[in-house]
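K.L.:
The chain contents come next:
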Amino acid sequence: MHYCGDYRTTYKDDMKIFQTPFVRVWMALFLLFMLAVPFLASNYALSLVTQILIAVIGAVGLNILTGFTGQISLGHGAFIGIGAYTSGILTIKLGVPFWLALPCAGLMAAFIGMFVGIPSLRLKGLYLAIATLASQFILEWIFLRWEPVTGGSYGLILDRPKIGSFVFSADKHYYYIVFGLTILAMLFATNLVRTRTGRAFMAVRDHYISAEIMGIDIFKYKLLAFGISSFYAGVAGSLMGHYLMFISSEQFTIGVSIQYLAMIIIGGLGSIIGSIYGAVFMVLLPEVLTLVTSKLSWIYPNISDFILSIQDGVFGVIILIFLIFEPDGIAHRWRLIKAYWKLYPFSY
Amino acid sequence: MDYFVQLIISGLVIGSIYALVALGFTVIYKATRVVNFAQGELLMFGAYVCYAFVVQYRVPFVPAVLITMVFSASLALAIERLILRPMIGEPIISIIMVTIGLALVLSSVVKAIWKTQIRVYSPKLFPQTTTDIRGIPISQEFIWCFVLSIILLIIFSLFFKYSRAGIAMRATAFSNQVAQSMGISVKRIFALSWAIASVVSALGGILIGNINGINSQLSHFGLKVFPAVILGGLDSILGAALGGLIIGLLENLGDGFFKIYLNVSGVKEVAPYVILVIILMIKPYGLFGTEEIERV
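Protein chains in written order, with the working numbering: chain A, 1 to 348; chain B, 1 to 296.
Warning: the hint list may mix true and false statements.
Unchecked claim - The list that follows gives simulated cross-link-like pairs (lysine-lysine, DSS-like), each with its CA atoms no further than 25 Å apart: (1) A:K295 <-> B:K124; (2) A:K16 <-> A:K338; (3) A:K16 <-> A:K295; (4) B:K124 <-> B:K111; (5) B:K283 <-> A:K220; (6) A:K295 <-> B:K111; (7) B:K161 <-> B:K187; (8) A:K93 <-> A:K16; (9) A:K172 <-> A:K162.
What the hints assert, rightly or not - If we take Cβ atoms under 8 Å as the criterion, some of the chain B residues that face chain A in the derived model are: (10) D2; (11) V5; (12) I8; (13) I9; (14) M87; (15) I88; (16) G89; (17) S94; (18) I96; (19) S107; (20) V109; (21) A112; (22) E141; (23) V270; (24) Y273; (25) I293.
If you're looking for bench data, these hints aren't it; they were derived computationally from the structure.
Model, not experiment: these values are computed from the prediction.
Just so it is clear, CB atoms sit at the ideal spot from N, CA and C, and this is done for glycine as well.
Let's have the full structure, built from the sequences with the hints guiding it.
P.N.:
Laid out in structure tokens, this is it:
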């Protein structure tokens with residue numbers, strides 16, 4: 001869908017991130033708004049935005065692996081856990097500063113992610129999904145049982161990062177770290193999918209045999225996708241750990257992996273912007289549910305207990321509805337809506 | 001030594017339940033190529049429905065089991081028609097996510113109706129006494145559970161081998177198009193395979209519920225089924241049965257071994273998945289699975 005007069009005569013034009021000046025201006029305004037959020041928002045809203053941003057990093061990572069490369073991972077939650085624990089153990093037990101622990105968390109997750117990705121050479125589709133499921137359970141078990149290192153079911157207490165004597169203890173200040181890293185993550189991902197590597201990912205997803213015939217080293221790119229995706233997960237985990245200042249094995253269960261998969265399906269598989277929509281949707285969903293029930297508890301006093309017990313069910317129903325009626329996710333639907341209004345009222 | 005014999009026996013009992021659930025999983029996978037992550041929830045649902053009839057409505061056990069079977073079959077038919085039918089031809093990730101979504105919905109329905117505390121069938125199906133076999137006391141419900149599961153497995157394998165519907169199901173598993181051109185209604189076969197899978201799982205749920213009681217943890221059987229089916233080969237019914245038994249045995253023996261000699265507890269939760277990873281590394285198509293070969 002192009003604007004009138006927006007002709008693209010070169011490939012370079014077609015691959016621009018900002019297609020029109022209009023988009024560029026909107027983006028600048030949006031970023032300014034995001035920078036101002038800590039001053040405008042209440043504490044509650046700020047915590048939601050921070051959670052969304054962390055979820056965005058994780059979701060973009062999973063989308064690179066599942067959406068762009070077509071490798072299903074049911075172990076994303078555990079990779080996030082690896083990041084959180086690596087960063088936690090480095091800062092608490094070894095006294096490494098956060099700024100060094102953060103990339104280490106990413107690298108550690110990437111290393112383990114690539115190790116889990118090794119079977120993807122021989123396995124695909126269903127088998128790979130089951131292999132990652134198994135690694136999720138094994139890692140979860142290690143988090144819980146390796147008590148001297150991970151703290152077991154007691155978990156670990158973490159600190160907020162600091163520069164010199166300045167500690168990012170206020171949520172306001174921590175927000176800027178998360179925001180900056182989210183921008184970096186988005187930029188890297190958006191550019192990644194425009195490069196040779198990104199195109200190779202998509203070729204592996206669309207038809208791996210043809211990809212191999214065209215000289216793409218499938219194994220290398222699959223491993224690379226696992227590595228990049230888990231790196232994102234590790235960074236998201238580290239940020240999550242230092243934000244909540246507490247980590248325990250219950251935060252990285254199979255449920256988290258499913259939640260991230262739901263994010264990218266609801267947002268749009270193989271769409272960077274879709275990962276954002278999905279993350280916003282999934283983080284806000286439980287909040288909206290509690291809000292609605294607290295309003296309704298007026299009329300039906302027991303409803304909030306009931307809704308709490310079926311929260312997972314609501315989540316499941318939403319996954320089903322999206323898969324059956326809108327398998328391409330919010331990103332696709334949003335494009336359709338935009339196209340409709342652009343031509344309104346003469347849509348034919 | 002007695003301790004290990006006990007472990008072997010309880011391993012075989014748990015394994016026979018795995019085998020039943022794995023049978024259901026394989027039947028669905030073979031016919032429809034759908035990976036059912038909701039198999040454990042079907043088991044749990046069956047166990048709870050039977051509980052409702054036996055304990056809450058005071059129906060005698062055998063009619064209650066029959067009602068449960070009808071109920072599970074209709075639930076599965078509804079699921080197949082409403083949720084899985086629109087997904088035909090979608091990529092595998094969508095199908096996996098659909099069954100995961102289904103699992104979430106089913107388990108929260110169970111939680112909403114029956115809450116989370118553990119429930120026990122109050123007139124138990126099997127006698128509670130123990131029998132001595134060569135001086136080792138074995139609870140009778142274990143024997144009953146094991147024998148009934150094996151009988152069910154045999155009935156179903158005979159059904160697939162000799163009955164008309166079973167042969168039609170195998171034909172559909174071989175190729176949908178060929179089956180359709182031979183006059184087999186593929187839609188009906190898809191529905192039938194879901195119904196069979198659901199009924200078998202529900203029976204497994206009732207059997208294990210008689211021994212351990214029922215709560216929402218029962219759905220974990222659905223996840224333990226993956227090691228079993230991968231070991232047996234995803235599309236082999238005999239493999240599923242054997243795989244279930246072997247995984248049940250290894251899980252219990254491994255747990256006992258680590259507890260006694262290395263003082264590590266909780267190996268039971270992770271052992272099946274470690275075995276799963278090892279099988280995937282060495283022999284990804286399992287003991288009896290069809291090997292797919294692709295070359296560039």
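K.L.:
It remains to establish, for every hint, whether it holds in the given structure.
P.N.:
Structure-based check of all given hints:
1. A:K295 <-> B:K124: With Cα atoms ~45 Å apart, A:K295 and B:K124 exceed 25 Å; violated.
2. A:K16 <-> A:K338: Since the Cα atoms of A:K16 and A:K338 sit roughly 19 Å apart, the hinted pair holds (cutoff 25 Å).
3. A:K16 <-> A:K295: It is violated: about 46 Å lies between the C-alpha atoms, which goes past 25 Å.
4. B:K124 <-> B:K111: holds (23 Å)
5. B:K283 <-> A:K220: holds (22 Å)
6. A:K295 <-> B:K111: Within the cut-off at roughly 23 Å; holds.
7. B:K161 <-> B:K187: Holds, at roughly 20 Å.
8. A:K93 <-> A:K16: Violated, because 46 Å separates the two Cα atoms, which is more than 25 Å.
9. A:K172 <-> A:K162: Judged against 25 Å, a Cα distance of about 14 Å means the pair holds.
10. D2: violated (28 Å)
11. V5: violated (27 Å)
12. I8: Given a least distance of 24 Å, the restraint on B:I8 is violated.
13. I9: violated (25 Å)
14. M87: For B:M87, the interface hint holds, since the closest Cβ of chain A sits about 7 Å away, which is under 8 Å.
15. I88: Constraint on B:I88 not satisfied, violated at 12 Å.
16. G89: violated (11 Å)
17. S94: Where the cut-off is 8 Å and the nearest Cβ of chain A is about 5 Å from B:S94, the hint holds.
18. I96: Because about 6 Å separates B:I96 from the closest Cβ in chain A, which is inside the 8 Å limit, the hint holds.
19. S107: For B:S107, the interface hint holds, since the closest Cβ of chain A sits about 7 Å away, which is under 8 Å.
20. V109: holds (6 Å)
21. A112: At 5 Å from the nearest chain A Cβ, B:A112 passes the 8 Å test, so the hint holds.
22. E141: This interface hint is violated because 29 Å lies over the 8 Å limit.
23. V270: Holds, because the Cβ-Cβ distance from B:V270 to chain A comes to roughly 4 Å (cut-off 8 Å).
24. Y273: B:Y273 check passes; min Cβ-Cβ to chain A is 4 Å, inside 8 Å.
25. I293: violated (11 Å)
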